[in-house]
Amino acid sequence: MKNKKSSGIPLGVPTLSSNDFKSDQDVRWCPRCGDYSILAQTRRIMPELGIPKEDIVFISGIGCSSRFPYYMNTYGFHTIHGRAPTIASGVKMANPDLSVWVVTGDGDALSIGGNHFIHLMRRNFDINVLLFNNRIYGLTKGQYSPTSEQGKNTKSSPFGSLEAPFNPISLALAAGATFVARSLDTDSTHLQSTIKAAFEHKGTSFIEIYQDCYVFNAKAFELYTDKSTKGDNTVRLEHGEPLLFGNDGEKGIQLNNFQPEVTTVTNGTENLIVHDQYAENTTLANFLARMSDMPEMPHPIGIFRSVPQNCYEDMMTDQIALAKQQRGEGNLEDLLNAGDTWVVE
Amino acid sequence: MRKQVEQIQAATVLFAGDSGDGSQTIGTQMTETSAIVGNDVATLPDYPAEIQAPAGSLAGVSGFQLHFSSETIHTPGDTCDVLVVMNPAALKVHLHKLKDNGILIVNSDNFARKNLRLAGYTDNPLEDETLTKYQVFPVELTRLTRKVLEDTDLSFSQQDKCKNFFALGMILWLYNRPMDYTIRWIKTKLAIKRPEFIEPNILALRAGNNYCDMTEQFTTSYEVKSAEFAPGKYRNIEGNMSTVLGLVAAAKQSGLKLVYGSYPITPASDILHYLANYRNFGIVTMQMEDEIAAVGVAIGAAFSGALGVTGSSGPGLALKSEAINLAMIAELPIVVCNIQRAGPSTGMPTKTEQADLLQMFYGRNGESPVPILAACRPTDCFDTVYEACRIAVKYRTPVIFLSELYIALGAEPWLIPNVEDLPNIQPNFQTADNGFEPYLRDPETLARPWARPGTPGLEHRIGGLEKSDISGNVSYDAENHEKMVNIRAEKVKRIANDFPPTEVFGEQEGDLLMLGWGGTFGAIRTVVENKLDEGCSIGHVHLRHLNPFPNDLGEILNRFKTVLIPELNSGHLLQLIRNEYLIDAVGLNKVQGQPFHVFELESKIQAYI
Numbered sequence: 001m002k003n004k005k006s007s008g009i010p011l012g013v014p015t016l017s018s019n020d021f022k023s024d025q026d027v028r029w030c031p032r033c034g035d036y037s038i039l040a041q042t043r044r045i046m047p048e049l050g051i052p053k054e055d056i057v058f059i060s061g062i063g064c065s066s067r068f069p070y071y072m073n074t075y076g077f078h079t080i081h082g083r084a085p086t087i088a089s090g091v092k093m094a095n096p097d098l099s100v101w102v103v104t105g106d107g108d109a110l111s112i113g114g115n116h117f118i119h120l121m122r123r124n125f126d127i128n129v130l131l132f133n134n135r136i137y138g139l140t141k142g143q144y145s146p147t148s149e150q151g152k153n154t155k156s157s158p159f160g161s162l163e164a165p166f167n168p169i170s171l172a173l174a175a176g177a178t179f180v181a182r183s184l185d186t187d188s189t190h191l192q193s194t195i196k197a198a199f200e201h202k203g204t205s206f207i208e209i210y211q212d213c214y215v216f217n218a219k220a221f222e223l224y225t226d227k228s229t230k231g232d233n234t235v236r237l238e239h240g241e242p243l244l245f246g247n248d249g250e251k252g253i254q255l256n257n258f259q260p261e262v263t264t265v266t267n268g269t270e271n272l273i274v275h276d277q278y279a280e281n282t283t284l285a286n287f288l289a290r291m292s293d294m295p296e297m298p299h300p301i302g303i304f305r306s307v308p309q310n311c312y313e314d315m316m317t318d319q320i321a322l323a324k325q326q327r328g329e330g331n332l333e334d335l336l337n338a339g340d341t342w343v344v345e
Numbered sequence: 001m002r003k004q005v006e007q008i009q010a011a012t013v014l015f016a017g018d019s020g021d022g023s024q025t026i027g028t029q030m031t032e033t034s035a036i037v038g039n040d041v042a043t044l045p046d047y048p049a050e051i052q053a054p055a056g057s058l059a060g061v062s063g064f065q066l067h068f069s070s071e072t073i074h075t076p077g078d079t080c081d082v083l084v085v086m087n088p089a090a091l092k093v094h095l096h097k098l099k100d101n102g103i104l105i106v107n108s109d110n111f112a113r114k115n116l117r118l119a120g121y122t123d124n125p126l127e128d129e130t131l132t133k134y135q136v137f138p139v140e141l142t143r144l145t146r147k148v149l150e151d152t153d154l155s156f157s158q159q160d161k162c163k164n165f166f167a168l169g170m171i172l173w174l175y176n177r178p179m180d181y182t183i184r185w186i187k188t189k190l191a192i193k194r195p196e197f198i199e200p201n202i203l204a205l206r207a208g209n210n211y212c213d214m215t216e217q218f219t220t221s222y223e224v225k226s227a228e229f230a231p232g233k234y235r236n237i238e239g240n241m242s243t244v245l246g247l248v249a250a251a252k253q254s255g256l257k258l259v260y261g262s263y264p265i266t267p268a269s270d271i272l273h274y275l276a277n278y279r280n281f282g283i284v285t286m287q288m289e290d291e292i293a294a295v296g297v298a299i300g301a302a303f304s305g306a307l308g309v310t311g312s313s314g315p316g317l318a319l320k321s322e323a324i325n326l327a328m329i330a331e332l333p334i335v336v337c338n339i340q341r342a343g344p345s346t347g348m349p350t351k352t353e354q355a356d357l358l359q360m361f362y363g364r365n366g367e368s369p370v371p372i373l374a375a376c377r378p379t380d381c382f383d384t385v386y387e388a389c390r391i392a393v394k395y396r397t398p399v400i401f402l403s404e405l406y407i408a409l410g411a412e413p414w415l416i417p418n419v420e421d422l423p424n425i426q427p428n429f430q431t432a433d434n435g436f437e438p439y440l441r442d443p444e445t446l447a448r449p450w451a452r453p454g455t456p457g458l459e460h461r462i463g464g465l466e467k468s469d470i471s472g473n474v475s476y477d478a479e480n481h482e483k484m485v486n487i488r489a490e491k492v493k494r495i496a497n498d499f500p501p502t503e504v505f506g507e508q509e510g511d512l513l514m515l516g517w518g519g520t521f522g523a524i525r526t527v528v529e530n531k532l533d534e535g536c537s538i539g540h541v542h543l544r545h546l547n548p549f550p551n552d553l554g555e556i557l558n559r560f561k562t563v564l565i566p567e568l569n570s571g572h573l574l575q576l577i578r579n580e581y582l583i584d585a586v587g588l589n590k591v592q593g594q595p596f597h598v599f600e601l602e603s604k605i606q607a608y609i
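Those protein sequence lines, which keep their order, are chains Z and C.
Heads up, the first sequence is in my numbering, so the first residue is 1 and it goes up one at a time.
Heads up, the second sequence is in my numbering, so the first residue is 1 and it goes up one at a time.
Same shape as in the complex, but just chain Z:
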């Protein structure tokens, strides 16, 4: 939106509530599915974005997460497996004033739609991507996904899966994503604020949301969500703040020969890594992203990177404006009659 960066709600936009974003369709996810919370947080934060709901479009592919648009009282399009980024790109390009949201899962975005996912990141349309990562295939009833841990026993991998998982944050960063974040289905406050930050970022915003599939992969993220373990196993990324974690913030992360290591605050905080989500180069963000692959390190939760860059749709609009300025508004009559012509009497 043109007024996206301004704070507060523009004049003339009626105040909406979370209920205004409820569609008339019954929600049909399994009981205790993490999707319920993500839907609730999204509905709650939407009124705070300050845009009319007719300007909002939710687009999804296929999978449990992709039923999401049916439950939002906005414009919505439940498309085909893996292709939501392409359709969202067309929606945004045809009307850059719309607020476009892609809802996807680990299979939809990273397996069948992997190609579209990386190209969406590098094109940097002003589109927000919510990836519900439950590390399993839910709608097809329990096969391993591209984020499942290696060796996972599932219906399709009774002897253990052979594949190393994708790290979605690293993948997005490598593809040139300009806003990359991770949040949790269970942390309503953090999830809401992250969704809002994604909206406020001009460019493709990617949020990986750890989401529990109670039926096929229950408690996959328990380490990061359970009160008793999350303190030691997650680290909150706050811009300008040192990387502190532990139940009382007693531990920190520092660099040792380009490797992260855990230290205690009592040793002093001057050597701790200080988070900079606005850093132009991706060195720190990549480093933080890879920490989740290290069993001895906590999982970062928060915004890894948020760097403004030109958006595809704006550059296209500029090209069109410039071409019109240089060549004049296209005239069909002239175009048809262009080149060498001759007249037969």
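Keep in mind that the hints are not guaranteed to be accurate.
What the hints assert, rightly or not - Heads up, simulated DSS-like pairs for lysine-lysine below, C-alpha to C-alpha not over 30 Å straight-line:
#1 Z:K202 x C:K257
#2 C:K225 x Z:K324
#3 C:K133 x Z:K324
#4 C:K189 x Z:K324
#5 C:K187 x Z:K324
#6 C:K3 x C:K193
#7 C:K3 x Z:K324
It is worth saying that the hints were derived from the structure and are not from the lab.
Start from chain Z and add chain C according to the hints.
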């Protein structure tokens, strides 16, 4: 010396050489000039898929065939009057097309041992009996071009790049054609990128022209007078450009933003190239990561209220089929251009064929009716793709526009249409919630409303799951599913109510009806004209609308004893016609990657007339 000028009705010239020899360039220039001086023209570019296959090899031969006439013509000609070859490989590949006593111009500098061996000649054909039945003109094209350019700053290899214009200069002399148009083209084309080549190319062109004038080798030149055309303003146009102008026109006339998603593929890439130049028309072109993404942006654009278009060829269409099905069930207007080439699989990317028709009909899961239109000649691409856009918008459906390599790359004179004569295209967006339901249909067309995001009060959700009638909500209801399948089929069927009566050319009833579609038009029409002159009972119907068929087609077919269907496939339309009308139609098929020759059709229809 005195030279003779002989009047002739028509001529066919074929330029051939290595892929890098510039045969396509000079062929196109000869076409432009012939069209501008008033001939009817038809062309056939025939080139390899490799950009520059090894020099001198048979695989690397690139040819351009041009037929120009003082009469109306429909094909690039079965055989050639003049063959220009730059090397032995080109001679080997194309000699069989040259008429007996035809003119053969040879770059004799390239007939050394190495090139002869590459072409598979053990002896030099210029020195043995191979060419005795032709008028052979060996010309030292390389040496002469270098001589002309010796005072320029160009290196030998750069000088050699100009020899195609020396050859063109000769052909322009041979047919008494002015050089002005080519000179102007050279100046414009090279002005920015290669200005150092402007003067040398013009020098080579003039030198070739003078060479024919001054030497005793050439004693006769030919003149092909202007053809009779309907009054009006003309330009020469190639099929893909004609398609592009049709799309631009449809966008302008409908007031819709054109969003074209594509992934480069032969022979459809030029549509992307040409459209990308028209940013000042507000046209958006997006080169996507793959074929699926390309159709995806078209669908997204249509959902947003734009004219979404994608273009590709057969292999790309295979990838797009799931998305086309989504547009079908979501009932969104997109146009899918399939510029067919020879398959299956990668097939022969630079050769022509019509073997995607059944893929377009049936290549999607479930019951998936999609309208299909096919252009029949380069100029017809404009009208056909324009109509495809009109149908897509009016009926809220994906529409497949079929072209094929032969007409996509072929060129002919085009009577430029008046903008005010173009049919109306009305988007008729839903703008207010006066009883809005996403699948509440227009009672006449069965089209559903087009409600763009951004319109207050019309927020709604659509998708690929089966829809409940009227509300469009997800439905697994058994009766509803069958009802929706029937409605979608009926909607496509009703499109035929818009079609004008089908034109039957020639006899309106009788012995033989030639029923064609697509780029076979020229060959079929030529045969039918010839047979009508002989007094045969023969008619010709050429279908633009392949799905749905015209309402009057069944009745027309029944007026003829035999319905013969020539196609460049193994019988696609044949199956559809036999299936739909239960008639014993006969196929006439060729699957060689080459268009029909007139003589092939003539020899095969004798039994039916």
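Hint by hint, here is what the structure shows:
1. At roughly 24 Å between alpha-carbon atoms, K202 (chain Z) and K257 (chain C) fall within 30 Å of each other, so this suggested pair holds.
2. Between K225 (chain C) and K324 (chain Z) the CA atoms are separated by roughly 42 Å; this puts the pair beyond 30 Å, and the hint is violated.
3. For the hint linking K133 (chain C) to K324 (chain Z), the alpha-carbon distance of about 59 Å lies beyond 30 Å, and the restraint is violated.
4. Straight-line distance between C-alpha atoms of K189 (chain C) and K324 (chain Z) comes to about 22 Å, which keeps the hinted pair within the 30 Å bound.
5. Proximity of K187 (chain C) to K324 (chain Z) is assessed by CA-CA distance (about 25 Å); at most 30 Å being required, the pair is judged to hold.
6. The straight-line distance between the Cα atoms of K3 (chain C) and K193 (chain C) is roughly 39 Å, outside the 30 Å bound, and the hint therefore fails.
7. Annotation: proposed proximity of K3 (chain C) to K324 (chain Z) is violated, straight-line Cα distance about 53 Å (limit 30 Å).
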